[in-house]
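With chain A's structure known, arrange chain B on it following the hints.
Next come the chains, spelled out residue by residue.
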Amino acid sequence: MNETRRVFLKGSLAAGAVGVAVGAGLLSPRAVLASWPQSAFDAKSVDAALSAAVGSDKTEASSDITVKAPDIAENGAVVPITISSTIAGASSIALLAEQNASPLTSTFELGEGTEAFVSTRIKMGKTSNVLAVVKAGGKLYSAKKEVKVTIGGCGG
Amino acid sequence: MANSIKVRAKESGGVVTVKALISHPMETGLRKDKKTGSLIPAHFIQEVDVDANGKRQLTAYWSGGVSKNPYLSFKYAGKKGDKLTVSWTDNTGEKDSTEASVK
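In the order they appear, the protein sequences are chains A and B.
As numbered in this note's numbering, the first sequence has no gaps in its residue numbers, which increase by one up to the final residue, 156.
As numbered in this note's numbering, the second sequence has no gaps in its residue numbers, which increase by one up to the final residue, 103.
Simulated from the structure, these hints should not be mistaken for lab results.
Please note that the accuracy of each hint is not assured.
Here are the simulated DSS-like cross-link-like pairs (lysine-lysine), alpha carbons at most 25 Å apart as the crow flies [to be verified]:
(1) A:K145 <-> B:K19
(2) A:K126 <-> B:K34
(3) B:K68 <-> A:K145
Derived contacts from chain B toward chain A, CB cut-off under 7 Å, selection only [claimed, not checked]:
(4) E47
(5) N53
(6) G65
(7) Y71
(8) S73
(9) F74
(10) Y76
(11) G81
(12) S101
Beta-carbon label-pair distances, calculated as ranges [what the hints assert, rightly or not]:
(13) A:T82 <-> B:G14: 15 to 25 Å
(14) B:D33 <-> A:G113: 43 to 53 Å
(15) B:T92 <-> A:E146: 31 to 41 Å
(16) A:K68 <-> B:E94: 28 to 38 Å
(17) A:D47 <-> B:G29: 44 to 54 Å
(18) A:K44 <-> B:E11: 22 to 32 Å
(19) A:D42 <-> B:K79: 19 to 29 Å
(20) A:K58 <-> B:K80: 39 to 49 Å
Cβ atoms here follow ideal geometry from the backbone N, Cα and C, with glycine treated the same way.
Isolated chain A, as found in the complex (with noise of 0.2 Å):
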């Protein structure tokens, strides 16, 4: 698990100064928002985003990740998303929603023995594609689905 996390930690180094600080030492793993990358959630573009929590914003489109995701949100306050990947080796899963203020949603570390599948429920302010990205040896895959919102769900 350590191994993931400094993988990513490597991810978000460059951007952060939160990055820099545990990079430093200056902080220790375990104090443990530090790992929390602020820059990627803070980033108002997908490639932004992107770069800020895996590293690049080069992506491969992969039929191997499957994006359930339904095909009209009535609520975007609510939307169930899941994600699931056939693809050996994931390490981590980041779930973005490509027209929200702050794209970048959720990322998700996985341990050894997780599986490449998580559900979760975002928030999407309107219709826009879901973009997933799974990390798996080093390398960049992902898959996108679009939703069409009625109504947004981020802000008022």
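Coordinates of chain B only, in the frame set by chain A:
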């Protein structure tokens, strides 16, 4: 905040499916209070950790982009009787954790 987490975990064919519900407002900090017109301060869970028998299975980093009273489900290779620990920390430093065993 006590008892903010509900966890169910069930084993089937060597794979444990964990489902967790956390009660939390998950405010983005962008929403306005309808009566006063002032912004509601951000208040959301930043990190959720799930351990099975002391071994980290999943770390989720969240933003205000995750829905209120968040739901989380994932699967890992495990067995009946595994001790699960689910804990979260939010941006105001509040935290909670709970334990459950795999059925």
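Results for each hint:
1. A:K145 <-> B:K19: holds (23 Å)
2. A:K126 <-> B:K34: holds (21 Å)
3. B:K68 <-> A:K145: Within the cut-off at roughly 22 Å; holds.
4. E47: The hint holds - E47 (chain B) has a Cβ within 7 Å of chain A, the shortest such distance being about 6 Å.
5. N53: violated (11 Å)
6. G65: Holds, about 3 Å.
7. Y71: holds (5 Å)
8. S73: Interface hint status for S73 (chain B): holds (4 Å vs cutoff 7 Å).
9. F74: holds (5 Å)
10. Y76: holds (4 Å)
11. G81: violated (16 Å)
12. S101: violated (17 Å)
13. A:T82 <-> B:G14: 15 to 25 Å: Holds, since T82 (chain A) and G14 (chain B) (Cβ atoms, about 21 Å apart) stay within the stated range.
14. B:D33 <-> A:G113: 43 to 53 Å: holds (44 Å)
15. B:T92 <-> A:E146: 31 to 41 Å: holds (35 Å)
16. A:K68 <-> B:E94: 28 to 38 Å: holds (31 Å)
17. A:D47 <-> B:G29: 44 to 54 Å: violated (23 Å)
18. A:K44 <-> B:E11: 22 to 32 Å: Roughly 42 Å apart at Cβ, these two residues miss the hinted range, so it is violated.
19. A:D42 <-> B:K79: 19 to 29 Å: The hinted range 19 to 29 Å is violated for D42 (chain A) and K79 (chain B), with Cβ atoms some 40 Å apart.
20. A:K58 <-> B:K80: 39 to 49 Å: Between K58 (chain A) and K80 (chain B), where Cβ atoms are some 42 Å apart, the hint holds.
Violated hints for the displayed structure, listed by number in ascending order: 5, 11, 12, 17, 18 and 19.
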